[in-house]
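When you get a sec, could you build the whole thing from the sequences and use the hints?
Each chain, letter by letter, is given below.
Number of protein chains: 2
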Amino acid sequence: MIKIAVDCFGGDHSPLAQVDGSLAALEQFPDLSVILAGDEALIREALADKTYDESRLEILHAPEVVTCNEKPTDAIRLKKESSMMKSIRLLREDDTVAGIVSTGSTGALVAAATLRLGRLRNVIRPAFCPILPTMNGGIVGVCDSGANVDITPDYLQQYAVMGSLYLENVYGVKNPRVALLNIGTEAEKGDDLRKKAYELLSQTPGINFVGNMESRDLLSGKFDLVVCDGFSGNVLLKSTEGALLEMLGKLKRDIKSKLINKIGALFLYKMFADEKKFMDYQNYGGSVLLGTAKVVVKGHGSSKATAVTKCIEQAYRMELNSLTGKTEEALDAIFGAQETEE
Amino acid sequence: MIKIAVDCFGGDHSPLAQVDGSLAALEQFPDLSVILAGDEALIREALADKTYDESRLEILHAPEVVTCNEKPTDAIRLKKESSMMKSIRLLREDDTVAGIVSTGSTGALVAAATLRLGRLRNVIRPAFCPILPTMNGGIVGVCDSGANVDITPDYLQQYAVMGSLYLENVYGVKNPRVALLNIGTEAEKGDDLRKKAYELLSQTPGINFVGNMESRDLLSGKFDLVVCDGFSGNVLLKSTEGALLEMLGKLKRDIKSKLINKIGALFLYKMFADEKKFMDYQNYGGSVLLGTAKVVVKGHGSSKATAVTKCIEQAYRMELNSLTGKTEEALDAIFGAQETEE
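Chains as they are written, first to last, in the numbering used here: chain R, 196 to 537; chain Y, 196 to 537.
If you are wondering where the hints come from, they were derived from the structure by calculation, not from laboratory data.
Since the model is a prediction, treat every value here as computed from it, not as a measurement.
Warning: the hint list may mix true and false statements.
It does not matter which identical chain is used: a pair holds within one copy or between any two.
[As the list claims (entries may be wrong)] As a list, the in silico SDA-like pairs of lysine to any residue whose alpha-carbon atoms are at most 20 Å apart: (1) LYS384 - ALA306; (2) LYS471 - ALA488; (3) LYS447 - THR329; (4) LYS451 - TYR464; (5) LYS471 - GLY333; (6) LYS521 - VAL405; (7) LYS417 - GLY444; (8) LYS451 - LEU242; (9) LYS471 - ASN456; (10) LYS453 - VAL305; (11) LYS445 - ASN331; (12) LYS266 - LEU252; (13) LYS521 - GLY367; (14) LYS451 - GLY401; (15) LYS266 - ASP386; (16) LYS275 - GLU288.
Dropping the structure here:
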């Protein structure tokens, strides 16, 4: 049995999206069990009239909620009775609970996971790895440090190792093609960080480093994993997403502006619906945190039930395929198995 | 009369695109004259059978060509007889020549312009400012340092001043809304560079700083000018362009995949043609270099005649509206009018 804690509060559609998403995940995976964390009365209300396997669902009562406006350190210190912090505490204390899915404050979740669950041996800093659809029907992961972090080449090396294992074990990508985000494809391109990272990645055993990637090729399907610093990762993801959404919006307005366009769009109704679905980030789950001692999946604050189910599936598959254990082994092979100092 | 040197070689469609583009610009602006730089025989061949005002066209014979594979410093040192270097030398020696349009090697052009023409007083480093179309029919400029440059907050401050004057004087944008590219909109977001730049921009007289911009809002039409470092500027522009092109490619494939889609697309033929034209960067001219003592416009290597005409128009309008003089004045007002040391 794989047991996942679901933080039912702190999202835009809490707790209904979390509860419904959890029930769908229970249907999908017979050896999954979930712990719904949050205000028990509200969770019971959301569960009312629904049928599910009661033996695989528990409730962890937590009356407080961490909001996005709180400082992460304040959330940890002052919101001990929140659904997020009680879930993390449970993960820390109970070996049978594999991981957490949360759609709450990113900063608080990262801080609590890093400080309370701890990092895997050798991990300098846990990294996020959101997944995007590529234009040829595949996926690409972007592994970065999250915002506000000054990184050195060895961070990027670790992201390459951790992200590769994630793609292999959760998405079945064989020998993932790893690229370094850079301003050009040639080996000598970029600043000092990029040049040194290129060299280090070229020498890292166990990964399939294929060189630099320019940001315009993110959705091309030529790469499975891109590693980068948090600032440019943020720019990369948000400008890609923004351009696609702005374009769809423009197409919509242009279609509405002329009768002949409206007629054409009737024929293309199904196609446009498919494009929209294809670009809906709800369908690609959450951004996992790699390098923490237990499984952590951060869903988007706007996640609906489908997205929550996807997040739970990610956490489930990470645990099913022993991702944390394999990650620690792979890092040991590179950096040695001595315990690092905190 | 405004005289512009056009480097006719080093582009993908040289010299025909440059020659035809120049002739179209001469038609458009009666007080423009052009100097076509490059192999005279080849330029004469491209000019054969064409009608134009011969009194406003000169040829500067230059037998060599700077290629993109050459190191910029080598190009300056070894390619003295190239169309690019001879144009720059002419600009340096002849006060009546206002600027240069080149579709050749970016690195060589920046190096030659900076070293041979010199920077305006107070300019730490010249900046590029490409222009993109926004989804509501306007434009947005992105002013950055170009790749490989470590910047400090005062660079970004200068970009804001120079870019604002460029948008006002060349595109008629009144009181341009200037934004700082960042990972979030709140003032305290980002790393040390962004926080300090935010503060500095807030205190800079003569600009209309409206705060941080997330990359997803680049095409929204809410901003006229975005300032950023060269690395994230590269990621911003290329991921925006890449996402749009990948999306158009996918739409095309999806339309071809089904008969009903093909029928719908017949009705939408004009609309799709318009979208394609709208996104064709050929229609938005080149990336100007701001902060050099004379006007410098860098067209894309793949520029065709239309794009070259646009580049010449940019150079023409920069000179017509005395952009370099106004830029120097604005920087003097902030930093003082003493000559800076080289």
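Cross-check of the supplied hints:
1. When the C-alpha separation of LYS384 and ALA306 is checked against a cutoff of 20 Å, the pair qualifies only between copies, where the shortest distance is 17 Å, while the shortest distance within a copy is 34 Å.
2. When the C-alpha separation of LYS471 and ALA488 is checked against a cutoff of 20 Å, the pair qualifies neither within a copy, at 36 Å, nor between copies, at 49 Å.
3. Taking CA atoms no more than 20 Å apart as the test, LYS447 paired with THR329 passes between copies only; the shortest distance there is 15 Å, against 22 Å inside one copy.
4. In this assembly of identical chains, the alpha carbons of LYS451 and TYR464 lie at most 20 Å apart whether taken from the same copy (13 Å) or from different copies (15 Å).
5. For the identical chains of this complex, LYS471 and GLY333 are intra-copy neighbours only, at 16 Å inside a copy versus 25 Å across copies, given an alpha-carbon limit of 20 Å.
6. Taking the shortest Cα distances, LYS521 and VAL405 never come within 20 Å of each other, neither inside one copy (22 Å) nor across copies (48 Å).
7. Only between protomers do LYS417 and GLY444 lie at most 20 Å apart by alpha-carbon distance; the minimum there is 15 Å, versus 27 Å within a single protomer.
8. Proximity of LYS451 to LEU242 under the C-alpha cut-off of 20 Å is found in neither arrangement, the shortest distances being 42 Å within a copy and 46 Å between copies.
9. For a Cα distance limit of 20 Å, the shortest separation of LYS471 from ASN456 qualifies both inside one copy, at 18 Å, and across copies, at 16 Å.
10. Taking CA atoms no more than 20 Å apart as the test, LYS453 paired with VAL305 passes in neither setting, with 49 Å inside one copy and 46 Å between copies.
11. Within a single copy, LYS445 and ASN331 get their C-alpha atoms only as close as 23 Å, which misses the 20 Å cut-off; across copies the closest is 8 Å, which meets it.
12. For a Cα distance limit of 20 Å, the shortest separation of LYS266 from LEU252 qualifies neither inside one copy, at 31 Å, nor across copies, at 65 Å.
13. With identical chains, the CA atoms of LYS521 and GLY367 are at most 20 Å apart within one copy only, with a shortest distance of 15 Å there and 59 Å across copies.
14. Taking the shortest alpha-carbon separations for LYS451 and GLY401, neither the intra-copy value of 52 Å nor the inter-copy value of 41 Å comes in at or below 20 Å.
15. Within a single copy, LYS266 and ASP386 get their C-alpha atoms only as close as 33 Å, which misses the 20 Å cut-off; across copies the closest is 17 Å, which meets it.
16. For the identical chains of this complex, LYS275 and GLU288 are intra-copy neighbours only, at 15 Å inside a copy versus 73 Å across copies, given an alpha-carbon limit of 20 Å.
This entry does not satisfy hints 2, 6, 8, 10, 12 and 14, going by the numbered hints stated previously.
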